[in-house]
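*Asks:* One-letter residues, chain by chain:
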Amino acid sequence: MEPRPVTSASPRVGLFVTCLVDAMRPSIGFATLQLLEEAGCQVEVPTAQTCCGQPAFNSGDTKAAARLARRMIEAFEPFDYVVAPSGSCAGMIKAHFPEALASDEPWRKRAEALGAKTHEVLSFLVDVIGYIPKGRSFAATGTYHDSCSGLRELGIHAQPRALLREVVGLEMRKLEGNDVCCGFGGTFCVKYPAISNAVVEEKAASIEKTGAEILLGGDLGCLMNMAGKLSRRGSRVRAFHAIEVLAGLGQGPAIGEEG
Amino acid sequence: MHRTLEPFKTRTATALVDATLKIAIERTTATAERKRAAALSDFPEFDAARDRGRRIKDHVIANLDHYLIEFERNAKAAGTHVHWAATADDAARIVIELCRAAQAKRVTRVKSMLGEEIGLPHALAEAGIERVETDLAEHIVQLGGDTPSHIIWPSMHRTREQVSEMFRKAHKTPHEEETIEAMVESARRELRDKFLSADVAISGANFLVADTGATCTVTNEGNAELTTTPPRVHIVTAGIEKLVPSTAHAFAMLRLLVRSATGGDITQYTTFHCGPKSPGDRDGPEEFHIVLVDNGRSRMLKEGLKDMLRCIRCGACMNHCVVYRQLGGHAYGGVYPGPLGAVLTPVFEGLEKARDLPHACTLNGRCQEVCPVDIPLPTLLRGWRDRSWREGLEPVSMRAGLGLWAFVAGHPQLYRLASAVAVRVMRLFARGGWIRSMPLASAWTAHRDLPTPSRKTFMELYKEGQRSQGR
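Protein chains in written order, with this note's numbering: chain D, 1 to 259; chain R, 1001 to 1471.
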């Protein structure tokens, strides 16, 4: 695609849907698209995107990760910004593409440049665009889990809370251990299912203890892990990606509910 | 080490069903986490101190040869015998030879993970020398015939109820009241005579001070003083990475170590040992030996694990690790458990034997966040995974599966098709929004439900012109 002239009023954003959102829950992708457009961005979804390569990178297959990183760089380089509804995938691009391409100087530089303009959507809205939608309403009690990559690699903590504070009727409750890993860990949860299960069992208990009706977060992988465990426990807590609530989709089906 | 181990998954399965162990782990680690947080909130300059600590250790590691020579020179000048050990076996052999030369029948030990690393308990037993552990927790470990499960609280895998039972069986005049004070008294009665009648004392060191030749050891029980003062011979074993340039640097590191380990401002006892008893001294050992141990450390320098040599063994990484807090220390199977053990055990025992450890981690980064010297533990663990992949140690099924996935992900059109097919197949197993079991997904569905995927992928819907969810 040809780069178009950029006006600062409407930045061109390449939406990186991420593989989990693509397959499991497109509504998160559409909610992201909607919010970015509301914020005045010109959004495109490059069709050459697949996966950021994190499963390969974290499994030790750095070569495959580097190969996928190059493809991602090519697909998203023309944009002013790259935005993903996931701290984990955005963190992979920002923090780990340069590591995966460390031995290839020209590509490493391109990775650095792409990383500099890559953002997770909630932090992008608050920190980069300064768009906090007002007057959305969702009457519910909610609690928030801070996913680890977003929290520690990208410093995402205040932004989702700033956004959710403006949702009318949404009462947020503190989750004990909100910054403690839920036990998902990408391939970890299927490589070491018993350990992962013990961790998410405790997380689910903490979530239930808040008494909140809704679990919110910024990463579908972690949300699927927690929601799946809550469902197995017979819990009534429902889970959404925060961007869905911000896009007014809180009345629709939660994760694991038929649409 | 001299042990045969069950496979990692068996060890973890055993740990995960042990309800008493879970109580013991949670009591200790949750308290440690709370106390550390409180200590840091009273220490606003922590970040600056942490940065300084990191720089001190990096400087020493970059100039290790210089400081080792300086330390040896100053230690010798103070009358200390300095020994060099390239491997764990060398180190243990040197210690045993020194004990034999001293005609030792009984040795007292001050808790030292390096001593565990070089296999001292086993070596002493083989040599027929009685070993008396003087640290209360190590005494419990010795009574239980097992190994430390935490580097700061070695017997954290035991509840106080279990300890009470052990003391009643093993001590000559055990406690009558069921209080912690009475139990400590019981251990004291049991150990006191042994403290005074030992021939050799063996301790570790938290720091080796280059410009004085002294060692620095911290304890909360005072057992380091009592252990090392009466015997004729005192042997210190220490890793070469324990060096600091001066006493002032040791104190800079202590501020980080103690707060990160126990949440205290300072330990009850901070002991410096420098050479044997001088003429006119009323007590102290006649001979003072230091065994400087490499055991893979110089190899770590070369093999991309330099950052790990900053470690001051505070244990904060394990207290804040979700995996450690489920398993405790023994399931790791190495001398050092938790995130630091997952980095170190492959160094000592080989990656092939320990390959599970760097993988059994969610890479959530909390260990690095709490590390007082900012060791990038997740990066180092990922480094081991990279090496494991390159050396062909990963299971064939894993390589094949990931290889196929990576190939598909490298071809966008094929990837779209594969995703579209996958979601449709998965939906065949769905009931009421959830998939409760599905072939090839049992690792997930054994423990939790899997949300039903969308009817069509985002990319399909987008291609059809959909632009928002609520159209």
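Do not take every clue at face value.
[Unchecked claim] Lysine-lysine pairs mimicking DSSO-like chemistry, simulated, CA-CA at most 30 angstroms apart:
| no. | chain 1 | residue 1 | chain 2 | residue 2 |
| --- | --- | --- | --- | --- |
| 1 | R | Lys1463 | D | Lys117 |
| 2 | D | Lys63 | R | Lys1353 |
| 3 | R | Lys1277 | D | Lys63 |
[To be verified] Stretch-level coverage of chain R by chain D, calculated; a stretch enters the list once three of its residues show a Cβ under 8 angstroms from a Cβ in chain D:
| no. | stretch |
| --- | --- |
| 4 | 1047-1054 |
| 5 | 1073-1081 |
| 6 | 1227-1239 |
| 7 | 1321-1330 |
| 8 | 1417-1423 |
| 9 | 1446-1454 |
Simulated from the structure, these hints should not be mistaken for laboratory data. Ideal Cβ positions, reconstructed from N, Cα and C, are used throughout, including at glycine.
*Asks:* Three or more residues of the stretch 1047-1054 of chain R near chain D by CB distance under 8 angstroms?
*Replies:* It is violated, with 0 qualifying residues against the three required.
*Asks:* Hey, lysine 63/D versus lysine 1353/R, does the alpha-carbon distance stay inside 30 angstroms?
*Replies:* holds, 24 angstroms
*Asks:* Closer than 8 angstroms, Cβ to Cβ, for at least three residues: run that test on the stretch 1321-1330 of chain R against chain D and report holds or violated.
*Replies:* holds (count 4)
*Asks:* Between the alpha carbons of lysine 1463/R and lysine 117/D, is the straight-line distance 30 angstroms or under?
*Replies:* holds, 26 angstroms
*Asks:* Between the stretch 1227-1239 of chain R and chain D, see if three or more residues pass the 8 angstroms beta-carbon test, and mark the coverage as holds or violated.
*Replies:* violated (count 0)
*Asks:* Taking 8 angstroms as the Cβ threshold, is the statement that the stretch 1446-1454 of chain R is covered by chain D upheld or broken by the three-residue rule?
*Replies:* holds (count 9)
*Asks:* When I compare C-beta atoms, does the stretch 1417-1423 of chain R have three or more residues closer than 8 angstroms to chain D?
*Replies:* Answer holds; 3 residues pass the 8 angstroms Cβ test.
*Asks:* Holds or violated: the stretch 1073-1081 of chain R covered by chain D, criterion of 3 or more residues with Cβ-Cβ distance under 8 angstroms?
*Replies:* Violated - the stretch 1073-1081 of chain R has 0 residues with a Cβ nearer than 8 angstroms to chain D, which falls short of three.
*Asks:* Would you mind confirming whether the straight-line C-alpha gap from lysine 1277/R to lysine 63/D stays at or under 30 angstroms?
*Replies:* Distance of about 59 angstroms is beyond 30 angstroms: violated.
Of the numbered hints given earlier, the model fails hints 3, 4, 5, 6; all others are met.
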